[in-house]
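Counting along the sequence shown from 1, when you hit position 108 you're at 572 in the numbering used here, and nothing is skipped either side.
Please keep in mind that the hints were generated in silico from the structure rather than gathered at the bench. Quick caveat: nothing in here was measured; it's all calculated off a predicted structure. Certain hints may be false.
[Stated by the list, open to error] Here are the simulated DMTMM-like pairs of lysine to aspartate or glutamate, each with C-alpha atoms no more than 20 angstroms apart in a straight line: (1) K518 with E475; (2) K549 with E582; (3) K642 with E615; (4) K616 with D526; (5) K518 with E582; (6) K642 with D631; (7) K477 with E507; (8) K518 with D538; (9) K518 with D579.
[Stated by the list, open to error] Each pair of labels, with its calculated beta carbon distance range: (10) R608 with Y647: 15 to 23 angstroms; (11) M558 with R659: 39 to 47 angstroms; (12) G637 with R563: 18 to 26 angstroms; (13) S528 with I489: 17 to 25 angstroms; (14) T634 with S576: 20 to 28 angstroms; (15) N660 with R551: 22 to 30 angstroms; (16) S645 with K616: 27 to 35 angstroms; (17) L550 with E520: 19 to 27 angstroms; (18) L550 with I628: 35 to 43 angstroms; (19) P474 with T634: 20 to 28 angstroms; (20) I489 with R570: 16 to 24 angstroms; (21) L562 with A515: 31 to 39 angstroms; (22) Y647 with V544: 15 to 23 angstroms; (23) A504 with R659: 37 to 45 angstroms.
All residues carry an ideal CB built from backbone N, CA and C; glycine is no exception.
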Amino acid sequence: MSVIIEPLAPEQKEEAVRLLAHAFITSPLHAAVFGANPLARNEAFLRIVLAAMKGELLAAADASRILGIIHWADSARCQVPVTEKLRMAPSILMNLGLRSAVRMSRWVLIWSRHDPREHHLHLGPIGVLPEVQGRGIGRQLMQRYCNLLDEKNITGYLETDRLINVDFYTKFGFDVRKTVSIYGVTNYFMIRRIRNP
Numbered sequence: 465m466s467v468i469i470e471p472l473a474p475e476q477k478e479e480a481v482r483l484l485a486h487a488f489i490t491s492p493l494h495a496a497v498f499g500a501n502p503l504a505r506n507e508a509f510l511r512i513v514l515a516a517m518k519g520e521l522l523a524a525a526d527a528s529r530i531l532g533i534i535h536w537a538d539s540a541r542c543q544v545p546v547t548e549k550l551r552m553a554p555s556i557l558m559n560l561g562l563r564s565a566v567r568m569s570r571w572v573l574i575w576s577r578h579d580p581r582e583h584h585l586h587l588g589p590i591g592v593l594p595e596v597q598g599r600g601i602g603r604q605l606m607q608r609y610c611n612l613l614d615e616k617n618i619t620g621y622l623e624t625d626r627l628i629n630v631d632f633y634t635k636f637g638f639d640v641r642k643t644v645s646i647y648g649v650t651n652y653f654m655i656r657r658i659r660n661p
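Could you put together the complete structure from these sequences and hints?
Here you go:
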């Protein structure tokens, strides 16, 4: 499927939030964290996260709508500073509720503790509208990211909670470096080493 991949425009942010919420609605970790009414909580969570993200945020689109989203950030900017987390806390609590906010905080803390110390480009989130998955959009987005890794001679890193995603990322040269259970869900931490050191 032919798409145009360009930086996400500010006016496309809400469409991107809705797309990612639908893409992650079946994520086992998101289900464990957000529980009841997961679509609304996914949207609230992703709205907050997208507003705080640094780095590159690209959209794959056809003539009428966004079909996929990909984000990556340099390791120097991939973690949200403590001051920013404190600023976000009231909004997270209000939009997610206490239980989901606490569970989300623990999840994010565990993920951040596994971030590689070496310089890397941290991938995530990446999502494709459910109704167009399997048509090569995710592959095109991943290829854009991997081309940049090779061009800059830099390590790639990502996390996922789905085994099917592990198979997908493996095709792009990623290997599982560790697994951790969070709320009974296996999380895979994957790395793509520099190809031409």
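Checked hints:
For the given pair, K518 sits about 17 angstroms from E475 by alpha-carbon distance, which is consistent with the 20 angstroms threshold. The straight-line distance between the Cα atoms of K549 and E582 is roughly 23 angstroms, outside the 20 angstroms bound, and the hint therefore fails. Our distance criterion of 20 angstroms between C-alpha atoms is broken by K642 and E615, whose separation comes to about 26 angstroms. As the CA atoms of K616 and D526 are separated by approximately 29 angstroms, the hinted pair breaks the 20 angstroms bound.
Of the pairs offered as hints, the one joining K518 and E582 holds, with about 18 angstroms between alpha carbons and a cut-off of 20 angstroms not exceeded. Between K642 and D631, the direct Cα distance comes to roughly 15 angstroms. Compliance with the 20 angstroms bound is thereby established for this hinted pair. This hinted pair checks out: K477 and E507 have alpha carbons roughly 11 angstroms apart, not beyond 20 angstroms. This hinted pair checks out: K518 and D538 have alpha carbons roughly 8 angstroms apart, not beyond 20 angstroms.
Proximity of K518 to D579 is assessed by CA-CA distance (about 16 angstroms); at most 20 angstroms being required, the pair is judged to hold. Checking the proposed 15 to 23 angstroms range against R608 and Y647 shows it is violated: the Cβ atoms sit about 32 angstroms from each other. For M558 paired with R659, a C-beta distance near 45 angstroms keeps the hint of 39 to 47 angstroms intact. Roughly 38 angstroms separates the CB atoms of G637 and R563, a value that falls outside the hinted 18 to 26 angstroms.
For the pair S528 and I489, the supplied restraint of 17 to 25 angstroms holds, since their beta-carbon distance comes to about 22 angstroms. Under the hint 20 to 28 angstroms, the C-beta atoms of T634 and S576, about 24 angstroms apart, fit the expected range. Restraint check, N660 to R551: a C-beta distance of roughly 40 angstroms breaks the suggested window 22 to 30 angstroms. For S645 paired with K616, a C-beta distance near 33 angstroms keeps the hint of 27 to 35 angstroms intact.
A hinted range of 19 to 27 angstroms holds for the C-beta pair L550 and E520, which are about 26 angstroms apart. Separation of L550 from I628 is about 36 angstroms and conforms to the stated range, judged on CB atoms against 35 to 43 angstroms. Roughly 35 angstroms separates the CB atoms of P474 and T634, a value that falls outside the hinted 20 to 28 angstroms. In this structure, I489 and R570 meet the distance hint of 16 to 24 angstroms, their C-beta atoms being roughly 21 angstroms apart.
Separated by about 21 angstroms at the C-beta atoms, L562 and A515 break the suggested range of 31 to 39 angstroms. Here the CB-CB span from Y647 to V544 is close to 21 angstroms, well matched to the stated 15 to 23 angstroms. Between A504 and R659 the beta carbons are some 42 angstroms apart, a value that agrees with the proposed interval 37 to 45 angstroms.
In terms of the numbered hints stated before, the structure departs from hints 2, 3, 4, 10, 12, 15, 19, 21, listed from lowest to highest.
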